[in-house]
Amino acid sequence: MTASSAPTRIAFDARQHLTGLLRAALDSVAPEQGHAEILLERPKQASHGDFASNLAMQLARELKTNPRQIAERLVRALPASDAVAKVDIAGAGFINFTLTPTARTAVVAAVLGAGPAFGRGPASRLKLQVEFVSANPTGPLHVGHGRGAAYGASLASLLAFAGFDVTREYYVNDAGRQMDILAVSAWLRYLELFGEAVPFPPNAYQGDYVRDMAEQVKLAHGDRYLHPVEAVLACMCETDDADARLDCLILAGKDLLGEDWAYIHGHVLNEQLTDCRADLEEFGVHFDVWFSERSLFETGMVARAVAALEKSGHIYIQDGARWFRSTSFGDEKDRVVQRDNGLYTYFASDIAYHLNKFERGFDKVVDVWGADHHGYVSRVKGALSASGADASRLEVTLVQFVSLFRDGQKASMSTRSGEYVTLRQLRAEVGNDACRFFYMLRKCDQALDFDLDLAKSESNDNPVYYVQYAHARICSVLAQWDGDQAALAATDLTPLQHEREYALCARLAEFPELIQQAARDYAPHALAFYLKDLAGDFHSWYNAERVLVDDQPTRQARLALALATRQVLQNGLSLLGVSQPVSM
RNA sequence: GCGCUCGUAGCUCAAUGGAUAGAGUACUGGCCUCCGAAGCCAGGGGUUGUGGGUUCGAUCCCCGCCGGGCGCACCA
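Basically this note's numbering = 1-based index in the first sequence + 238.
In case anyone wonders, no lab produced these hints; they're calculated from the structure. One or more hints might be untrue.
Straight-line C-alpha distance at most 20 Å; calculated DMTMM-like pairs for lysine to aspartate or glutamate [unchecked claim]:
hint: 1; residue 1: LYS619; residue 2: GLU597
hint: 2; residue 1: LYS549; residue 2: ASP628
hint: 3; residue 1: LYS324; residue 2: GLU310
hint: 4; residue 1: LYS770; residue 2: ASP689
hint: 5; residue 1: LYS365; residue 2: ASP526
hint: 6; residue 1: LYS456; residue 2: ASP446
hint: 7; residue 1: LYS302; residue 2: ASP265
hint: 8; residue 1: LYS282; residue 2: ASP265
hint: 9; residue 1: LYS456; residue 2: GLU434
hint: 10; residue 1: LYS681; residue 2: ASP771
If you're wondering where the values come from, they're calculated on a predicted model, not measured in any experiment.
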């Protein structure tokens, strides 16, 4: 993020000012109601003023009085203010405030004064972690991971901008069966290259990238890992169960390769992780920490976590396995943490991982998961509670599935079969900007239909161009003017007096509030919608009023408004990882 | 079957418990001798799946029903 650490200096905060006026009126009219929360909302309709309060309606019950009467008493008690042009009582008892022109346009100077820091929240000491993507490094990222990446990255940026101390983390599942399956898949493909064709299991990784890795190994190490097909088959067990057969093949690999198994395993892991990292970097998605699952085993953290649960009496043994009594914590059934073969389950390392997160001192931990993991939330929270941790400090946001549509046809997605559209393919086809923005056009808990043809189209169908176009237009008019932009911060704004100018100013003033609200709701999509609205207000104004007019004061004021708009577009788009082109 | 989740304009989607439920798209009709027409202006379009409840007020909160998605491993 480019924003400086300078605090946002809002020359005039209308909301805060009006809240103060209402508070004073309330103290005078009904001092015993001092606890009442004073809310000001921005009315949808311009005729309802700049801000509206429902305070009178909220008090109606306790005061046993008609809300309109309360509103009248409150309005009479309001202290005088030179920022308020008009106060109306409307509807069921709304108090509507209309600001003076000066108060309305003051935001322009505030934006230009703060620059990249406009909208930035006050620095909080709260340490917050966002863990996202965390896809198994067993193949290329697909478009579903892309949504998690775009959401998590935008969310993390948003939270940081809102004032939190944010750490972005990727949990690498480098221990466990899936990695073994990938390793054995690559090894079998490698054997094929020598004509030793062991029938390739249907539940192994089918993608071409597995063959590519096999080629690399052959190129670098020749026949070092070669074993005759008979030797492999000799290790096979008699079973019809596909998963059991796959496990046999893994055991065969480990037996035949001995120490070399670790090389194959490490090689495929490294290849996939490197690829994944590069993919995300190109997508503008950066991580501060890549956390290894295996490290949890190596440091004994997993064993410690299970032992702690055992000590507190939440573990029992049945059928040779170690079970966590998660039903005591709201889960629908108890869960195995250590299998009868002695191996820990993924759940066990995940308990350890989350305890580790808290041990690292995060006040709040946000996990971004695929929606197919929703059943997992209660057991992880349960385990945290059982371990004496405060489970409410863990926030799990679930990102729903993505369906790709091309020519109205739904593209199939299956990681194991290798038949899926990768994030790379998607980025190459529609571009990073459209990709990042498109992912943000839906709340994360809604399934997303990603229309490739629409995202690709260079037309006004495509909302990302609409926003970027506003930015490019402003750049263009500023270039034609060719004056001193820095001087615009001190411009006299009184020539701004059209409704469209006030509307645009109100939109700019909304930005800091929107940041806080979107951060609180973990809802970066709200920022995307805001930017569309902002661009719309700008286009409307720009089309109706000329900026580079002959009258100098008017020209300067409009240039200042345009420059402030560009600043907020930049601040917002950069949070979403979308570029701000000077021309298109 | 049980659990979670979502049903809003023809389509894609918004809306801290607030006023006449909003955008975009599509459709219809206008606007470039004028700072970028990837733009703007105007118009028609809705019983917010359905039936109850809570209250001054419900798209939002609670319950039932209908419909879609996901999950229900000693996989991750």
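Against the structure, the hints:
no.: 1; hint: LYS619 - GLU597; in the structure: holds (16 Å)
no.: 2; hint: LYS549 - ASP628; in the structure: holds (18 Å)
no.: 3; hint: LYS324 - GLU310; in the structure: holds (14 Å)
no.: 4; hint: LYS770 - ASP689; in the structure: holds (19 Å)
no.: 5; hint: LYS365 - ASP526; in the structure: holds (14 Å)
no.: 6; hint: LYS456 - ASP446; in the structure: holds (15 Å)
no.: 7; hint: LYS302 - ASP265; in the structure: holds (18 Å)
no.: 8; hint: LYS282 - ASP265; in the structure: violated (29 Å)
no.: 9; hint: LYS456 - GLU434; in the structure: holds (13 Å)
no.: 10; hint: LYS681 - ASP771; in the structure: holds (17 Å)
Hint 8 from the earlier list is the only one contradicted by this structure; the remaining hints agree with it.
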